[in-house]
Each structure stands twice: as structure tokens, then as C-alpha cells.
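Colleague: So the sequence lines, in the order shown, correspond to chains A and B.
Residue numbers for the first sequence, in numbering that gives the first Met the number 0: 0 to 335.
Residue numbers for the second sequence, in numbering that gives the first Met the number 0: 0 to 335.
Keep in mind the hints are simulated off the structure, nothing from the lab.
A couple of the hints might just be wrong.
Treat identical chains as interchangeable: a pair holds within one or across any two.
With a straight-line cut-off of 25 Å between C-alpha atoms, the simulated SDA-like cross-links for lysine to any residue are [stated by the list, open to error]:
#1 K150 <-> S234
#2 K298 <-> R161
#3 K150 <-> L42
#4 K113 <-> R43
#5 K292 <-> S111
#6 K35 <-> T128
Okay, here's what each chain looks like letter by letter:
Number of protein chains: 2
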Amino acid sequence: MKGEKILLSHGSGGRLSYNLIKELILPNFTSPCLQKLDDGAILRMKGFRLAYSTDSYTVDPLFFKGGDIGTLAVCGTVNDLAMCGAKPLYLSCSLIIEEGFPLSCLEEIVLSIKRASLMAGVDIVTGDTKVVNRGAVDRLFINTSGIGLVKEGTNISGGNARVDDVIILNGPIGNHGITVLSAREGLKFETAVQSDVAPLNLLVNDILEVSQDIHVLRDPTRGGLATTLNEIALSSGVEIEINEEDIPVDEEVQAACEILGYDPLYLANEGKLVAFVPPAIAPEILRKMKENKYGSKSKIIGKVVKKSEGLVCLRTRIGGKRIVDMLTGEQLPRIC
Amino acid sequence: MKGEKILLSHGSGGRLSYNLIKELILPNFTSPCLQKLDDGAILRMKGFRLAYSTDSYTVDPLFFKGGDIGTLAVCGTVNDLAMCGAKPLYLSCSLIIEEGFPLSCLEEIVLSIKRASLMAGVDIVTGDTKVVNRGAVDRLFINTSGIGLVKEGTNISGGNARVDDVIILNGPIGNHGITVLSAREGLKFETAVQSDVAPLNLLVNDILEVSQDIHVLRDPTRGGLATTLNEIALSSGVEIEINEEDIPVDEEVQAACEILGYDPLYLANEGKLVAFVPPAIAPEILRKMKENKYGSKSKIIGKVVKKSEGLVCLRTRIGGKRIVDMLTGEQLPRIC
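Construct all of the structure, not just a fragment, from the sequences and the given hints.
Modeller: See below:
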């Protein structure tokens with residue numbers, strides 16, 4: 000470790016992030032909650048179960064089509080709680096602001112935070128504001144943490160995928176990644192695509208109303224769908240197979256990816272989830288998801304095929320099969 | 000607000016911070032917890048009371064005599080929970096790291112986080128790591144949030160100070176401020192002074208063992224003792240009187256203040272608290288505090304003299320009386 004330095008890819012959500020956490024964080028903090036590497040911790044307190052999660056938001060630019068850092072900071076943490084099967088209730092919000100930041104922009108972001116909290120039905124109950132000298136932070140970073148309640152009977156974790164589980168995705172991938180990238184670079188196709196940032200807790204609630212027997216819920220943010228599925232495959236010790244032709248990608252996103260050389264499987268999303276569910280209840284869950292505003296384009300994209308050390312395979316459109324790895328390196332820093 | 004910009008003093012913990020929160024945050028977020036402006040929120044959930052708090056740490060330099068940003072990030076949030084009368088249980092920890100940051104420094108900070116959590120008896124249960132491009136953050140910022148449990152019968156808030164309450168301080172002030180300042184500027188007296196950063200939850204536990212009838216607990220961090228007392232005076236609608244000669248200040252800190260032109264009343268502390276308690280139980284609480292490692296130099300420094308719109312007065316050594324205002328402007332940015 001001596002002489003080594005932190006690289007951007009340590010924060011990509013991909014391979015190097017995973018290694019950093021495994022080697023530096025997990026050996027020092029022995030809480031079983033943390034060891035599970037889920038989106039949040041489940042704490043048993045006084046006989047009930049509390050979900051607890053945190054995320055820092057450093058997105059560049061602060062404002063983009065479909066949202067801004069404020070929307071992201073609320074939805075991101077709400078979604079992390081929802082992915083634990085929790086009903087999100089309370090958020091904390093901590094701002095780190097660069098000296099000289101326009102008050103009018105701050106106000107706009109505060110209003111986005113308010114709007115997103117109302118949409119998600121959560122309360123901001125505690126906060127903090129720090130101002131640092133010019134150059135010590137790039138404009139504004141936000142941290143939110145959140146707490147929620149998990150019903151008895153729900154047991155959702157990245158480690159719970161089982162052979163034969165059906166994998167449902169709630170809509171097209173890559174929109175957030177392409178939106179932020181094009182806003183940052185001032186690219187022309189930015190007009191057509193917008194971020195999918197959205198609170199997914201009500202969609203999760205709909206899913207859990209059909210059945211509590213949901214094995215995994217995860218939102219493919221940094222590192223994209225490919226990385227999320229790899230994490231699940233590793234945690235659960237299974238092989239996952241997904242079908243390229245079943246994975247929805249909007250036409251404009253596909254076009255942008257072809258021009259820029261990106262693979263939508265690795266692009267960040269902020270309003271997407273994958274659900275691993277037993278085959279018997281999959282059709283009913285899919286039907287229910289399609290009724291929700293944030294699930295109208297839901298599709299079954301694949302299944303868990305067998306036990307393994309953790310592998311994700313893609314059936315391509317032309318009938319081939321290839322291994323889909325975690326994101327290696329960094330595709331788009333500061334995407335969320 | 001149009002055209003206005005965020006100033007360093009908006010983050011000082013003093014007057015401008017107070018105004019920013021009052022004008023921009025409170026009107027938009029109507030949770031009664033937030034409106035109280037305490038160090039944390041008290042949430043009633045399923046019949047018991049949860050304390051919840053967050054803070055971001057941007058201290059410069061990262062390492063200083065007596066601690067580092069990791070120690071600070073744990074103790075600061077533990078103390079915010081303790082000031083609500085809660086027993087801190089779980090922390091979240093979120094790192095924002097600059098590309099190129101040495102892994103060995105990160106390891107050292109992670110070990111400090113581990114050590115401080117063990118001392119405070121709290122578990123880090125969830126976290127997040129972001130890496131941003133060079134120049135987007137000054138080395139490393141940390142956010143922690145924490146949750147704890149508040150016993151039935153405790154009702155501690157900055158708004159609960161009552162006439163005749165006795166004010167107890169647990170030791171000398173200004174050490175953290177002077178330590179960070181001298182480390183930053185490479186001043187010579189840095190050898191003698193060290194930060195007081197410490198977890199105060201066990202001291203608070205001792206206090207609450209004597210009596211649950213404690214009215215206010217608050218740690219004078221940013222903005223110092225003067226600002227903290229002003230916040231309490233404002234929230235409670237009272238006039239506070241403190242005696243200059245009873246306020247402990249270490250000799251080296253006093254000397255440094257005289258050379259540099261600082262007032263110890265406005266310097267940040269990271270291991271200090273003020274307790275507002277009914278006069279009848281004050282002697283017993285003082286005795287109990289003195290038995291604790293972090294309270295051995297506790298002193299009664301003043302009392303609440305009457306109802307008012309919120310005022311803090313200082314009886315000077317030579318018998319005069321002057322008004323002590325909140326910190327205006329910014330004394331030492333990035334002190335915590």
C-alpha cells in the first residue's frame with residue numbers, strides 16, 4: 000500500500016471500488032451489516048428492523064436535464080433504503096458549499112430537495128452546512144443519509160439470489176449516464192435524453208404488496224447494470240444469464256453510446272432497479288410493476304441459471320454468449 | 000437573494016450561518032425536529048425515541064496534534080447525539096476523496112475512525128466512498144451520520160433553558176481551535192497545545208445517571224462557547240450570565256490568543272459541553288462530572304438570570320459587564 004495513490008477508478012463503483020472496500024474498510028469495521036455490502040444496513044432495534052444508508056453526491060454538472068444534485072441526493076438515498084425492502088421515512092442532509100457559490104443556485108437546489116422529498120414521502124429532519132474556501136470543493140457536494148422501517152418477513156439482500164430466480168428490470172438503462180455526460184460536454188443529443196432520476200420506494204412497495212418473497216432488489220447506479228449484476232452474482236455465489244434483446248435501451252441512448260463508444264450496460268441509472276424473484280410470482284410482479292409510473296416499461300431480462308463463484312453471462316442478439324464483467328477502470332467520474 | 004454569493008462566514012457556525020438556515024432551510028423543510036435547531040433530531044418511532052444527526056468534516060489540515068479528520072468525524076457526530084441525551088449506537092461514514100490521495104494516509108484515517116468508534120462504543124454500519132478528480136476536493140472530506148436511543152423521561156433541547164439554571168462546562172476551552180490553527184500555519188506553540196477531540200457520550204451518561212432533569216446539553220464547536228450560549232439564549236428566550244474568571248482556559252491557549260488576537264470564547268472545541276441544570280442538582284452533577292476522564296476540570300461558569308429575547312452577558316475579571324454576541328464573520332474556516 001506504501002506509495003500507492005487513490006485513483007478515480009477507486010470511486011467508479013466497479014472493480015477497484017470493490018477491492019478498496021474489501022481490503023481497507025471491511026477488515027477494520029466488523030459490523031455484520033457492513034460485511035453484507037448491501038445498499039444499506041438493517042439494524043434490529045427494540046424488536047423491529049431499521050434500514051440505514053448514506054451516500055455523498057458530487058455530480059458534475061450540478062444541473063442536468065431531468066434533475067439536479069438536490070433531486071439526486073434525495074432519490075439516491077431513498078432508493079438505497081427501498082432496495083433493502085424498507086419504507087424510507089427520514090433523511091439527513093449535509094451541504095458542503097464552495098465560497099462564492101451563488102445563493103440563487105443554492106435556493107434552486109434546496110427547492111429540488113424539498114420537491115423530491117415530497118414525492119418520496121420522506122422528511123428531512125436533521126442537517127449540516129459547511130462552507131469551504133474557494134478551490135477546496137468544486138461548487139457543491141451533498142451528503143444524505145436515511146432511515147426507514149423494514150417489515151417483518153421481508154429478507155432482501157444482494158446475497159439472497161437463488162437458482163431459477165427471474166430478473167426483472169423496471170425500464171430502459173443508461174439515460175442518466177448519457178444525460179450527465181452530454182450536459183458536461185455540451186453535446187448536441189442532450190436535447191432528446193433526460194436523466195431517469197426518480198424515487199423508487201413506491202414501486203418497491205407495489206412489488207412487496209404482491210409478495211414478501213423477493214430475494215434481491217438493487218439499483219444499478221455507478222458501474223451500471225453490469226456491475227450491479229456482478230455484485231449480486233458474487234454475493235450470492237450464482238451465475239446469472241441475461242438476454243441482450245430483452246434489455247431495454249432508448250434509441251437516443253443507443254445512438255449516443257454508438258457515437259461515443261459506451262456500453263449501456265455500464266452506464267449509471269438513478270431510477271432503475273433489478274428485482275430477483277421466484278419464477279412462480281414473476282408474472283404477477285411484472286404486471287404490478289407495469290402499473291406503476293416508474294415501472295411501465297418493466298421487462299424480464301434474464302434469470303439465475305446455476306450456482307457458481309459469481310458470473311454474469313449475456314446472450315447476444317445473434318445467439319452468442321459472452322461474459323459480462325464488472326466495470327474496470329472509470330467510465331464517467333462524478334456521475335452521481 | 001439575486002446576485003448574492005455564499006461567504007465563508009455562512010459556514011462559521013455564527014450569525015450568518017444562523018441566518019442562512021433561518022431564511023433558506025427552515026421555510027422549506029417543515030419538520031418540527033429541524034425547526035428546533037438542535038444538534039440532532041428526536042424521532043418517535045414505534046413507541047420509542049430515536050436521535051438522528053449528521054455532520055460533514057472538512058478540517059484542514061487532515062492531521063493535527065491530538066487527532067485527525069477521522070477522530071473528529073466519529074467524535075463530532077457521537078457528541079451531537081449525546082447532546083440530545085441519546086446513547087449513540089450506529090454511525091454511517093461517507094468519504095469523498097481526491098484523486099491522487101495517498102492510500103497510506105487513507106489507511107491511517109480509517110484506523111482513527113476505528114479507534115474512535117471503539118472508544119465511543121458505536122458501530123459503523125453503512126458507508127459510501129466517492130473519488131473525485133484532482134482539484135474538485137481538497138484531499139479528503141468525511142460525512143458521518145449517527146443514530147441513538149433516547150430514554151423516556153429525558154427532554155433535552157436548546158430551547159429548554161430556564162431561569163436559575165446553573166451552567167456547567169467540562170473543561171478548558173479553545174484547545175482545538177488553537178491546535179488546528181497552529182498546525183495550519185506552522186506556528187511554534189503547536190508543541191504545547193493539543194486538540195480536545197473526544198467522545199462525550201459516556202460523560203453525558205454519567206450526568207443523566209445523577210438526574211434525568213437536565214435541560215440543555217450542547218457542545219461548543221464552530222463559533223465557540225459564545226455562539227453556543229447565544230443560540231441557547233435565543234432558543235430558550237433567556238438571558239445568560241457567565242463569569243470570565245470561572246471559564247477555564249489553558250495557559251498556552253491564552254498566550255496564543257493574546258499573540259494572535261483571538262478570543263477563546265469564539266474558538267472551536269471538540270471535546271467540550273455545557274450543561275444547563277436546575278440549581279438543586281448542580282453540585283452533585285459537578286461532582287460526578289469531575290470523576291469522568293473528560294470532565295475532571297469541570298466548572299460552574301454561570302447561570303440563567305432572567306427571561307429575555309436572548310442575551311449573553313459576561314462578568315469580566317475587573318467587575319464590568321459586557322454583552323457577548325454570536326460570532327460574526329468567520330474566525331477560522333475549516334476548523335472541523
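Colleague: Taking the hints in turn, state whether each one holds.
Modeller: Results of checking the hints against the structure:
In this assembly of identical chains, K150 and S234 lie within 25 Å of each other by CA distance solely inside one copy; the values are 23 Å within and 38 Å between copies. In the homo-oligomer, the alpha carbons of K298 and R161 lie at most 25 Å apart inside one protomer (19 Å), although the nearest pairing across protomers, at 62 Å, exceeds that limit. For a Cα distance limit of 25 Å, the shortest separation of K150 from L42 qualifies both inside one copy, at 12 Å, and across copies, at 19 Å. For the identical chains of this complex, K113 and R43 are inter-copy neighbours only, at 22 Å across copies versus 30 Å inside a copy, given an alpha-carbon limit of 25 Å.
Only within a single protomer do K292 and S111 lie at most 25 Å apart by alpha-carbon distance; the minimum there is 20 Å, versus 46 Å between protomers. With identical chains, the CA atoms of K35 and T128 are at most 25 Å apart between copies only, with a shortest distance of 16 Å across copies and 31 Å within one.
When each numbered hint is compared with the structure, no violation occurs for any of them.
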